[in-house]
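Novice: Going down the list, the sequences are from chains A and B. Quick note on this note's numbering: the first sequence kicks off at 1 and runs consecutively. Quick note on this note's numbering: the second sequence kicks off at 1 and runs consecutively.
Rather than coming from a laboratory, the hints here were simulated on the basis of the structure.
Just some of the chain B residues that point at chain A, by a computed CB distance under 7 Å: (1) Asn171; (2) Tyr172; (3) Ala175; (4) Ala178; (5) Leu179; (6) Gly180; (7) Leu181; (8) Tyr190; (9) Pro193; (10) Asn194.
The structure displayed is predicted, hence computed values, not measured ones. Beta carbons: idealized from backbone N, C-alpha and C, even for Gly.
Given next are the chains, with one letter for each unit.
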Amino acid sequence: MVSIKSNLNLEPEMNHLSANPILQVENLTLGYRRSAWFGTSSRQQLIIRDISFAIQPNETVALVGQSGVGKTSIANSILRFLKPWHGNIYFLGQNIWQIPASRFRLIRPRLQPIFQDSATALNPMMTIDQAIMDGMKHLKLSHAEAQQRLNELLQMVELEPALCNHYPRQLSGGQRQRVVIARALATEPSLLILDEPLSALDLVTAVQIIDLLRSMRQRLNLSCLLITHDLMLAQQLADRIIVLKDGVVIDSGPTQQILTNPSHHFTRQLIHAAGILNRKT
Amino acid sequence: MTRLQGMRHSRFWSNRNCRYGTIIVGLILLMAIIGPLFAPYDPTQQNLEQILQPPSLKHICGTDFYGRDLLSRLLHGSRISLGVSLSATFLTMLIGIVLGLLAGYFRGWLDKFLMRIVDILLGFPRLFIILLIVGISRSTLLMTIVVLAGFSWMEIARLVRAETRSILTTNYLMAAQALGLNHFRLIIAYILPNLRGMLLTSTNLLIASMLTIESSLSFLGLGVNEPNASWGTLLSQGRLDPTGAWWVALFAGIAIIITVVGFNLLGDGLNQIQSESRT
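The shape of chain A in the complex, shown without the other chains:
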């Protein structure tokens, strides 16, 4: 495999952080301000209140909760798309909302999102190979090296090289999600943010993608933040689970502990609901 980390122009302090968490979220409070009356006044809506968690190297943490609880807002804040009201987010030891944008751009490729709807996650005007190659832009690889890496990535996500010249709309949902994963892996990320990665897929494809994500995680020593409302998916992929309700953490711990001995009645409701759904499917 073409070496990548050697090409990353990171500050020395970022390269010896293996003992530290990959991601650390401290007292995060998020919300939206909505303007009303032509900007003369604004309404504030609190989404997430004072939550903290950390993700260690090679660990997968699942954020579980009902739809609309603010899970995706947390992801957007970690990706520096949504500014927190309070709190800090450290990625590779850098406080991402305090460092300048130019500095953040150096570490940004190591923090990759995988969105729930693969149909909207790929540029409709770009072929598959161009989309994946864009993930390697910051590595400054030669054309031959980039081509070699593209082939390796396609092989890794089990996509046929013949699909390279295709546009996203010519692919199935499962194939598109594999392209999204390949593009994310092209940057050799330290952390993947999986935002409901299976919600737009059928059951058979979803199982294939779970297997793929699991094998990628082990092969590449990836850390993952899994955002889902599905406890069963969290059971398949996560080492730890954090349960959110009404914008606060109500339960957290190792996956087995949460599933076998939940401390909050809402977690028990979730497990019960997932069990019923599981039996029905």
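Use these hints to put chain B onto chain A, whose structure you have.
Specialist: Just chain B now, kept in the frame of chain A:
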């Protein structure tokens, strides 16, 4: 050709407006490019013995007040009329796209500043300002093109800005930002190609509008100067004796109408295809 390109190609041809628009525009452009080579007479050569001859086999479109062959003037005029409207459209699109992208992408004070300029310029009656500037300055082709573009880019800039802002909220753009790509790459590879449908439609409608304005300027004597001909100047000469020498204005008028209809059909057809692909 990929399967997707083939699919778009067939959708383009199966759309009646696109098909007829392309044929009309193609023929008009062909006329402008190779037509003057087949012009039977020198378009500026006066023949005082042949003044105001009606259409005949010798002069298919008749002659004007100076005995010049109108078919030759029509063929040469097509180059000037289409040249001015295409150049003005190109310049308009260039200014509108660049400023619209900058305003929509970078937002903040640049967006506010550019949009206030747009608001101010849109506040003026466009044709009046163009007439005023072309009227008080020396009327040249370049001047006409610059003035036409200078007061027409605002709508394009607004459209591009609005589309850019909507693309900024898409998942594919957020994913591209997460790849650490620079602003230039994001604009060129992710935003601009996704504006293509809207820009194609706007371009065709704008060419038709520019042709009309250029013809109006020439009609009022503010466009192309004699002895050069544009369709507008031919139309203008026709007003001197519209019932007696009806042929002077008729053929130029027909050429303008067919060209405007052609570009409008193409623009509408592209707009329909774009709407269908969104639903």
